[in-house]
Amino acid sequence: MKPERELPIRFREAVTFEDSENVRRIVVSSGFFSSDEIQVAVELVEERLSRGLESGYRFLFAEHEGVCIGYTCFGPIALTKAGYDLYWIAVDNPFRGCAVGRRLLAETLRIVECLGGVRVYAETSSRAQYAPTRSFYRTHGFVEEAVFKDFYDYGDDKIVYSTTTKVPSKDKDRP
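Mapping the sequence shown onto numbering that gives the first Met the number 0, position 17 (from 1) lands on 16, and the numbers just tick up by one.
These are computed hints drawn from the structure, not numbers from a lab. Some clues are possibly wrong.
What the hints assert, rightly or not - Using C-beta positions, here's what the derived DEER-type ranges look like: (1) GLY115 x GLY140: 18 to 28 Å; (2) GLU12 x VAL39: 33 to 43 Å; (3) GLU12 x GLY82: 16 to 26 Å.
Values in this document were obtained by computation on a predicted structure and should not be read as measured data. All C-beta atoms, glycine included, are put in the ideal place defined by N, C-alpha and C.
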């Protein structure tokens with residue numbers, strides 16, 4: 000049963016050896032990802048553990064009562080001045096709908112801004128099961144930038160969204 004209120008969570012950026020299994024558990028719980036995609040998610044943690052920040056991968060973990068319940072993986076885009084990719088954002092299925100994803104995203108954008116990032120890109124599939132993912136991005140200020148037809152498979156497009164780390168002032172656009 001999902002909690003009816005926003006959970007107290009603690010964020011951490013440090014990556015531990017346990018996070019390989021935490022990430023595996025979280026992405027498996029979604030029911031969205033293939034075994035190859037799950038393996039890639041775990042490999043990014045392992046890459047970060049072996050190479051540190053040189054890997055280009057940063058992580059933010061959300062913990063509730065000492066248990067990892069969600070995470071983001073993000074990093075700077077090579078050869079861009081201030082672009083970042085949001086590679087993964089996932090919440091353990093029993094905790095979906097408890098504002099964990101929203102809070103992870105907000106904190107990730109704050110970290111990216113502190114690192115000098117200005118624009119963040121996220122991509123997802125056009126398949127029907129990803130409709131909640133696309134809605135999540137749009138609800139949180141991302142705009143659709145591009146669609147790559149049949150990217151993942153025939154009839155499965157890649158949709159790229161972007162947002163900025165700074166929310167423009169409403170007054171700024173007024174004459």
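Right, here's what the structure says about each hint:
no., hint, verdict
1, GLY115 x GLY140: 18 to 28 Å, "holds, 19 Å"
2, GLU12 x VAL39: 33 to 43 Å, "violated, 21 Å"
3, GLU12 x GLY82: 16 to 26 Å, "holds, 20 Å"
Violated hint: 2 only; the structure is consistent with all others.
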